[in-house]
Amino acid sequence: MNFPLQVFNTAATPHPWYFYAVFALIGFAFGFTLEMSGFGDSRKLAAQFYFKELTVLKVMFTAIVTAMVLLFGAVGLGILNFNQVWVNPTYLWSGIVGGLIMGVGFIIGGFCPTTSLASASTGKIDGMFFMLGGFFGAALFAETEPLFTNWYNNAGYYGRLTLDQVLHLPVGVVVLLVVLMALFMFWGAEQIERIIGKKDMSREPKIRIVGAGVLFALALAVVFIGSPSLEERYQKLTFTRTETIPQLEGQPPIVNTVTYTADEMLANRLVFVSPAEAFKAKYNQAMNPVYLDVRSEADYNLYHIAGAVNVPLERIEEVIPVLLTEPPANTVFILMSNDEIAAVQAWKILVASSVPNVYILEGGVNNWIAFFGAEDETLKDVRPAPNPAPDQLAYIFPAALGSRYESCDPSPIEYEELEFEAKIQLQLKRDKSGGGCG
Amino acid sequence: MTTAPVTKKSIFKRPEKPYVHPYLGGVILGIVLFLAFFLTGNGLGSSGATSRIDALIVDAISPSHVDNNPYLLKMAGGDKNPLDDWIVPVFFGALLGGFASGWLNGRLKFTTTKGPHISDRTRWLMAFLGGVVFLYGARMARGCTSGQALSGGATLSAGSWAVMFAIFGGAYGLAYFVRKLWN
Numbered sequence: 001m002n003f004p005l006q007v008f009n010t011a012a013t014p015h016p017w018y019f020y021a022v023f024a025l026i027g028f029a030f031g032f033t034l035e036m037s038g039f040g041d042s043r044k045l046a047a048q049f050y051f052k053e054l055t056v057l058k059v060m061f062t063a064i065v066t067a068m069v070l071l072f073g074a075v076g077l078g079i080l081n082f083n084q085v086w087v088n089p090t091y092l093w094s095g096i097v098g099g100l101i102m103g104v105g106f107i108i109g110g111f112c113p114t115t116s117l118a119s120a121s122t123g124k125i126d127g128m129f130f131m132l133g134g135f136f137g138a139a140l141f142a143e144t145e146p147l148f149t150n151w152y153n154n155a156g157y158y159g160r161l162t163l164d165q166v167l168h169l170p171v172g173v174v175v176l177l178v179v180l181m182a183l184f185m186f187w188g189a190e191q192i193e194r195i196i197g198k199k200d201m202s203r204e205p206k207i208r209i210v211g212a213g214v215l216f217a218l219a220l221a222v223v224f225i226g227s228p229s230l231e232e233r234y235q236k237l238t239f240t241r242t243e244t245i246p247q248l249e250g251q252p253p254i255v256n257t258v259t260y261t262a263d264e265m266l267a268n269r270l271v272f273v274s275p276a277e278a279f280k281a282k283y284n285q286a287m288n289p290v291y292l293d294v295r296s297e298a299d300y301n302l303y304h305i306a307g308a309v310n311v312p313l314e315r316i317e318e319v320i321p322v323l324l325t326e327p328p329a330n331t332v333f334i335l336m337s338n339d340e341i342a343a344v345q346a347w348k349i350l351v352a353s354s355v356p357n358v359y360i361l362e363g364g365v366n367n368w369i370a371f372f373g374a375e376d377e378t379l380k381d382v383r384p385a386p387n388p389a390p391d392q393l394a395y396i397f398p399a400a401l402g403s404r405y406e407s408c409d410p411s412p413i414e415y416e417e418l419e420f421e422a423k424i425q426l427q428l429k430r431d432k433s434g435g436g437c438g
Numbered sequence: 001m002t003t004a005p006v007t008k009k010s011i012f013k014r015p016e017k018p019y020v021h022p023y024l025g026g027v028i029l030g031i032v033l034f035l036a037f038f039l040t041g042n043g044l045g046s047s048g049a050t051s052r053i054d055a056l057i058v059d060a061i062s063p064s065h066v067d068n069n070p071y072l073l074k075m076a077g078g079d080k081n082p083l084d085d086w087i088v089p090v091f092f093g094a095l096l097g098g099f100a101s102g103w104l105n106g107r108l109k110f111t112t113t114k115g116p117h118i119s120d121r122t123r124w125l126m127a128f129l130g131g132v133v134f135l136y137g138a139r140m141a142r143g144c145t146s147g148q149a150l151s152g153g154a155t156l157s158a159g160s161w162a163v164m165f166a167i168f169g170g171a172y173g174l175a176y177f178v179r180k181l182w183n
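Residue numbers (our numbering), protein chains in the order written: chain A, 1 to 438; chain B, 1 to 183.
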């Protein structure tokens with residue numbers, strides 16, 4: 001029931017103004033808070049780097065841990081779907097080099113981009129100069145980016161990678177660790193302010209100790225709530241598809257956006273791609289198909305589609321982190337078993353783990369052989385199996401030749417003209433160039 | 001550090017109020033950030049808007065230049081409106097929000113915030129250069145202190161934590177050498 005986010009997305013799609021109004025309000029609150037915290041004054045920001053006053057660290061880390069605890073609390077309670085939350089993709093090297101450059105700009109200029117807005121809008125002339133410089137800096141980047149575009153787009157790219165995945169810890173534990181680290185940093189910051197900044201800490205409000213306690217308690221609660229199970233996440237999934245209804249000649253077709261649950265996607269067969277579509281995907285420049293064969297290794301060795309990767313169903317969960325981070329954003333995963341049963345199971349696991357663009361080969365490998373194998377001379381010794389059990393190979397192979405039959409890799413020339421109902425709709429919303437600050 | 005005496009004119013003469021306590025400011029900012037995620041799925045940001053406004057300007061002056069630059073093409077190619085993105089209303093909202101807080105708290109003044117030993121002109125030049133450098137880095141890292149450090153920090157993005165430490169590393173690394181600017 002992903003309430004607010006789902007409702008917002010559904011309401012805002014036909015009315016872009018809702019979308020802009022909500023973002024403008026968020027921006028307003030953002031600018032207001034920064035100004036209120038003193039970030040319109042460059043001296044307060046620069047003081048951080050001379051250990052005189054650690055306001056920047058305190059405000060930033062308090063904001064990060066507050067938002068983090070609320071966010072993962074909401075995820076744990078099931079009122080927010082983490083898969084629908086934008087997580088900055090990891091581009092390690094351009095991130096680190098860019099970060100170091102930002103640090104240089106920070107100490108020279110005395111602002112960061114958003115604080116310069118709060119500064120300029122309250123009449124600080126240096127804030128206005130920083131903003132102006134920013135337009136030149138961003139333009140300079142656009143002009144020079146082609147010189148190192150390969151490095152910029154690929155160096156240290158890990159996609160959507162979160163600290164719990166890096167550390168192999170439950171996310172709640174990471175939340176707790178980050179809170180503890182922040183509290184320790186606040187304590188350290190206050191010691192530094194007392195010693196170097198000569199600040200009288202006895203005048204600091206006592207309630208901050210209570211605040212620290214509340215934060216710690218909330219972080220503990222996040223650990224105990226935990227994350228929703230795969231099954232719970234599956235039940236909350238929704239898929240948005242565009243459906244084109246052709247009209248009479250001369251009329252533009254009607255394009256509808258329809259939202260389905262995961263079970264409806266299966267029931268309406270919207271995730272089942274025909275052998276023809278699965279085959280044609282290889283020659284479609286817009287997508288990068290990956291065939292995941294979830295059968296046993298024995299079946300895989302008897303016959304499999306050229307290029308298919310064997311991941312038996314029992315081991316599918318092991319490869320999820322790789323599927324989430326490694327392949328490019330336009331990757332389409334096409335799952336297959338002998339019929340459909342195991343592939344459907346695998347599909348449920350993958351989509352609940354928020355792997356994007358997952359489809360199932362309609363009728364499985366048996367259907368592929370029936371479709372492409374009809375004219376395959378190399379299959380002449382292969383006989384149909386009498387009464388195959390559900391999701392078993394419907395053929396008897398005399399030898400384990402893997403993908404060495406012609407029909408494993410049909411000729412793109414012979415099968416150039418294939419008609420099929422296209423089911424694949426690439427979802428690139430979270431792609432490399434979209435979202436975030438970009 | 002207390003606010004230095006400011007002598008220039010005030011737009012609306014309201015009594016100047018002190019800044020809120022950093023932890024309180026942080027909690028409010030954190031709630032704003034959480035609400036952004038909760039309501040829209042996106043975090044906070046602003047440097048992306050600077051790029052997009054640039055793209056708009058370049059597109060107006062020389063659309064063919066946009067077509068030859070893949071980075072600009074993504075934002076302003078064809079009939080794409082570079083301002084059609086969530087970050088643009090956030091940017092203008094933040095300008096307005098900063099102004100509103102400054103007005104309510106009596107801090108609307110034309111002034112220059114700087115260290116005690118440099119002239120206004122030096123400060124302006126440094127602010128300008130800092131802006132150039134910062135935004136260059138922000139575009140390279142795909143986000144600034146808000147888009148990466150705050151938003152990515154709260155969602156536990158591994159890359160954002162690296163960016164955050166790099167920002168502090170860069171600033172602390174250079175701070176000693178430019179201490180005359182601020183002390």
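Fair warning: there could be bad hints in the mix.
[What the hints assert, rightly or not] Computed spacing ranges between beta-carbons, pair by pair:
1) B/His117 with A/Ser202: 30 to 38 Å
2) B/His117 with A/Leu426: 51 to 59 Å
3) B/His117 with A/Met181: 35 to 43 Å
4) B/Phe165 with A/Val319: 36 to 44 Å
5) A/Val223 with B/Phe165: 19 to 27 Å
6) A/Ala389 with B/Phe165: 51 to 59 Å
7) A/Ala385 with B/Asn81: 53 to 61 Å
8) A/Val223 with B/Asp79: 44 to 52 Å
9) B/Phe177 with A/Trp151: 47 to 55 Å
If you're looking for bench data, these hints aren't it; they were derived computationally from the structure. From a predicted model like this one, the values you see are computed outputs, not experimental measurements. The beta carbon of each residue, even a glycine, is placed where N, CA and C say it ideally should be.
Quick rundown of the hints versus the structure:
1. For histidine 117 of chain B and serine 202 of chain A, the hinted distance range of 30 to 38 Å is satisfied, since their beta carbons lie about 32 Å from each other.
2. Checked against the hint of 51 to 59 Å, the pair histidine 117 of chain B and leucine 426 of chain A passes, with Cβ atoms roughly 58 Å apart.
3. Distance hint check for histidine 117 of chain B and methionine 181 of chain A: the Cβ-Cβ separation is about 36 Å, which falls inside the suggested range of 35 to 43 Å.
4. A hinted range of 36 to 44 Å is violated for the C-beta pair phenylalanine 165 of chain B and valine 319 of chain A, which are about 30 Å apart.
5. Evaluation of the 19 to 27 Å hint for valine 223 of chain A and phenylalanine 165 of chain B yields a pass: the beta carbon distance comes to about 25 Å.
6. A C-beta distance of roughly 56 Å is found between alanine 389 of chain A and phenylalanine 165 of chain B, which places it inside the suggested range of 51 to 59 Å.
7. Our hint of 53 to 61 Å for alanine 385 of chain A and asparagine 81 of chain B holds, since their Cβ atoms are close to 59 Å apart.
8. Between valine 223 of chain A and aspartate 79 of chain B the Cβ separation comes to about 50 Å, which falls inside the hinted range of 44 to 52 Å.
9. A hinted range of 47 to 55 Å for the beta carbons of phenylalanine 177 of chain B and tryptophan 151 of chain A is inconsistent with their spacing of about 28 Å.
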